[in-house]
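Based on the provided sequences and hints, a complete structural model is requested.
So the protein lines, in turn, are chains A and B. Mapping of the first sequence onto the working numbering: position 21 corresponds to residue 21, and the numbering continues sequentially without gaps. Every position in the second sequence, counted from 1, becomes a number in the working numbering once 184 is added.
It is worth saying that the hints were derived from the structure and are not from the lab. Accuracy of the hints is not assured; some may be wrong.
Just some of the chain B residues that point at chain A, by a computed CB distance under 10 angstroms [stated by the list, open to error]: (1) L190; (2) H194; (3) Q242; (4) V361; (5) I453; (6) D550.
Beta carbons are placed, not taken as given, at the ideal position from N, Cα and C, and that holds for glycine.
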Amino acid sequence: MRSEMRFAGFGGQGIISAGKIAGRAASIYGGKNAVMMQSYGPEARGGACNADLVVSDDVIGYPRLSQPGILVIMSQEAYEKYGQDIDPEGTLIVDEDLVDFSELPPSVSRVYSIPATRLADGLGRKIVANVVMLGALAAISKVVSRDAMLDAILNSVPARTKDLNERAFNTGYEQGKEALGEQS
Amino acid sequence: MGKRILAGTHFMNGDEACAEGAIAAGCTLFAGYPITPQSEIAEHISVRLPEVGGVFIQMEDEISSLAAVLGGAWGGAKAMTATSGPGFSLMMENLGLGMMTETPCVLINIQRGGPSTGLPTLVGQADMMQARWGSHGDYGVIALVPSSPQESFELTVHAFNLAETYRLPVLVMSDEVVGHMYERVDIDPDKIEVVERKKPSLPPGEFQLYKPGPNLVPEGMPSFGDGYKVHVTGLTHDERGYPVLNAETQHQLVVRLKEKIAANSDDIIRVEETATEDADVIIVTYGISARTSLGALNLARDKGLKVGMLRLITVWPFPEAIVKSMAQRVTGFVVPEINLGQIVLEVDRVVRGDAVVRSVPHAGGDIHDPAVILEAIEEVFAHAG
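Given below as structure tokens:
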């Protein structure tokens, strides 16, 4: 089973970090294979930026995405650039305060709104918005388990920020569960 | 002191894996100049080498980078540099010096789109013939091509071992996608074999610097400071290392530089075969293009087409005996590579019309779409009728 996901936003939001952590979660703590490829160059330092992740039970040949089944979007620009690329059966997770899709409605029915940046701000640090999103992702999608994702986060962040990141993850996870409940 | 071998399971990119492979192999000197998409090697090793007592030098350019590596090797170090396209071009002069002086070292090229500055941040595989013929004169070459971060680690270790065994600069021809892609890398110290430099067995006075052993490789290499008076020159030299500028000495030396690789090619060559047993068409490819081809192979097998893949881990020396023997039993070969047809020339040369050979070129900037490779495969089947 091959799953393709894309994290997209602007440089500085921790998009690449989110991709790396999810990849680590899948391949080191989740027992699957994972390949992460990131946008590279000036765009990674401001402007649109993305991290692409392929997760599979089998060996991964072609490392690029054909059509992402999961799209995690944290900026308007990223939404406009990638929003319509998603698999029609796919899952779209957006930061509802940063993305307005009234002009360009998503092509999928499964859309989950997670106010990740606002929730992170509430925890005292906007910078953990990406970890809130990873929590929501773990709740909404079964590609990476809750435990694997949390292990990967706690083993990726500086020791002094573990507590903050764990709270961010839990906040996102609860929000994701709630959003999942509203959908079904 | 940091750990020389970073044992454990990591999620790292191919560039970082090259750096870790070098350190695991005993590299104590990296001299280089940053260039996209190689910079992650320099960045990573600049932190890691000093932790294990090694030296990182950022040189003023790529010419001096390889010069420092050659000098470091004669000073006793296991030494490496890494670069990309434009820097690889600048290194060609000193690559020849390394070949002529039989200096063990490793040169990694994280290929990007060329010619010239080309595509700094985007992939290419168009330096494959430059790897073979880039410096002037005749000499044998070893070039390894990884297709994953795991293999970037393993082949960098292997490159150091081959450099010591066959006494030459060994090339690792990675690419931007493999270099930048993150994947699991398992590092198990028990699985790492390291070849140490062979020192002279004879005392100064009796020892001859370039006297070859039965495998055509000079026996033993002293370091400056060991007490051996040696002459290391790019001029044509005799077994003592002294310049002798005539056709006879030239013949002896240059034929040996070529033959020490050719005669040992069975020990050097590594390939990986996938589903080749019953295959009518075989994809011959390497590096990142092998991963794309695996996608195409699966698509073809789903359609009931008997397709296999020969992945060249060693591109130079070219595995000609293997390709030649396959040519006797298959309909054709498909050769995808991110250049306008380089290694396909070798396949064609070896196959000599015994099977169809179809190039699947790509000018660079991205990897192939597996569907394009599938199309080429189907054309070969159609051609065979």
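- request: Quick one: which hint numbers does this structure break? Sort them smallest to largest.
  value: 1, 3 and 5
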